[in-house]
Amino acid sequence: DAGVTQSPTHLIKTRGQQVTLRCSPKSGHDTVSWYQQALGQGPQFIFQYYEEEERQRGNFPDRFSGHQFPNYSSELNVNALLLGDSALYLCASSLGDRVKKLFFGSGTQLSVL
Amino acid sequence: KQEVTQIPAALSVPEGENLVLNCSFTDSAIYNLQWFRQDPGKGLTSLLLIQSSQREQTSGRLNASLDKSSGRSTLYIAASQPGDSATYLCAVKVSGSRLTFGEGTQLTVNP
Numbered sequence: 003d004a005g006v007t008q009s010p011t012h013l014i015k016t017r018g019q020q021v022t023l024r025c026s027p028k029s030g031h032d033t034v035s036w037y038q039q040a041l042g043q044g045p046q047f048i049f050q051y052y053e054e055e056e057r058q059r060g061n062f063p064d065r066f067s068g069h070q071f072p073n074y075s076s077e078l079n080v081n082a083l084l085l086g087d088s089a090l091y092l093c094a095s096s097l098g099d100r101v102k103k104l105f106f107g108s109g110t111q112l113s114v115l
Numbered sequence: 002k003q004e005v006t007q008i009p010a011a012l013s014v015p016e017g018e019n020l021v022l023n024c025s026f027t028d029s030a031i032y033n034l035q036w037f038r039q040d041p042g043k044g045l046t047s048l049l050l051i052q053s054s055q056r057e058q059t060s061g062r063l064n065a066s067l068d069k070s071s072g073r074s075t076l077y078i079a080a081s082q083p084g085d086s087a088t089y090l091c092a093v094k095v096s097g098s099r100l101t102f103g104e105g106t107q108l109t110v111n112p
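These protein sequence lines map, in sequence, to chains H and F.
The opening position of the first sequence corresponds to residue 3 in our numbering, with each subsequent residue numbered one higher.
The opening position of the second sequence corresponds to residue 2 in our numbering, with each subsequent residue numbered one higher.
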């Protein structure tokens, strides 16, 4: 039973570039949420996708966008990268949008130079 | 706005000691509270989940309690081991699947 998988594990970009991060949910799960975790901080909610639609969004600018595919996998896109976007990006999956328990992937470490 | 605070920020204990990690939240209207473990540069591993109607949950050497009315939760770790060294995060769910996290307690258990 595959857990939540994220790719790539590490990524280095320069300011102004665009990046796409990918997530495959745990088998049987249909909801994906994305979190940003800066060094030494707790994760911050970016948004949640369910039935291929964004259902909830945290306090992040429009530079952060996402997509969910029919197979429930998801992408997080960040445009016009800033140095402050450097963080660990975590994907979590669950069954249904009123979830009881989230399962997290190992994350993508993004460094913006 | 829900805010979650964890005390202490860091804790260093000798192996075998029992310890308590604290978590407080400002809005008592929560669906559940979850404790996670995070190893350096890694994702989150769920340890215990307490529904709003529950008072505590236990798993092995771990016990988590919830006092929703006072906005507090504690994670008790019995007979700590070096392998318990990690950052422990608590998170509350207010709506949907959105979790609000504390900043974590970094635990070091010395052999």
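Any given hint could be a false lead.
[Stated by the list, open to error] Taking lysine-lysine and the PhoX-like style, the derived pairs with C-alpha atoms no more than 20 Å apart in a straight line are: (1) Lys28(H) <-> Lys103(H); (2) Lys69(F) <-> Lys2(F); (3) Lys2(F) <-> Lys15(H); (4) Lys69(F) <-> Lys28(H); (5) Lys28(H) <-> Lys2(F).
It is worth saying that the hints were derived from the structure and are not from the lab.
For the pair supplied as a hint, Lys28(H) and Lys103(H), confirm whether the alpha-carbon distance does not exceed 20 Å. holds, 12 Å
Compare the distance between the alpha carbons of Lys2(F) and Lys15(H) with 20 Å, and conclude whether the hinted pair is satisfied. Roughly 33 Å between the alpha carbons, so the hint for Lys2(F) and Lys15(H) is violated.
Would you mind confirming whether the straight-line C-alpha gap from Lys69(F) to Lys2(F) stays at or under 20 Å? It holds: about 16 Å lies between the C-alpha atoms, which stays within 20 Å.
Within 20 Å, alpha carbon to alpha carbon, are Lys28(H) and Lys2(F)? Roughly 30 Å separates the two Cα atoms, so the pair is violated.
Take a quick look at whether Lys69(F) and Lys28(H) sit within 20 Å of each other, Cα to Cα. violated, 30 Å
In this structure, the hints that do not hold are numbers 3, 4 and 5, in rising order.
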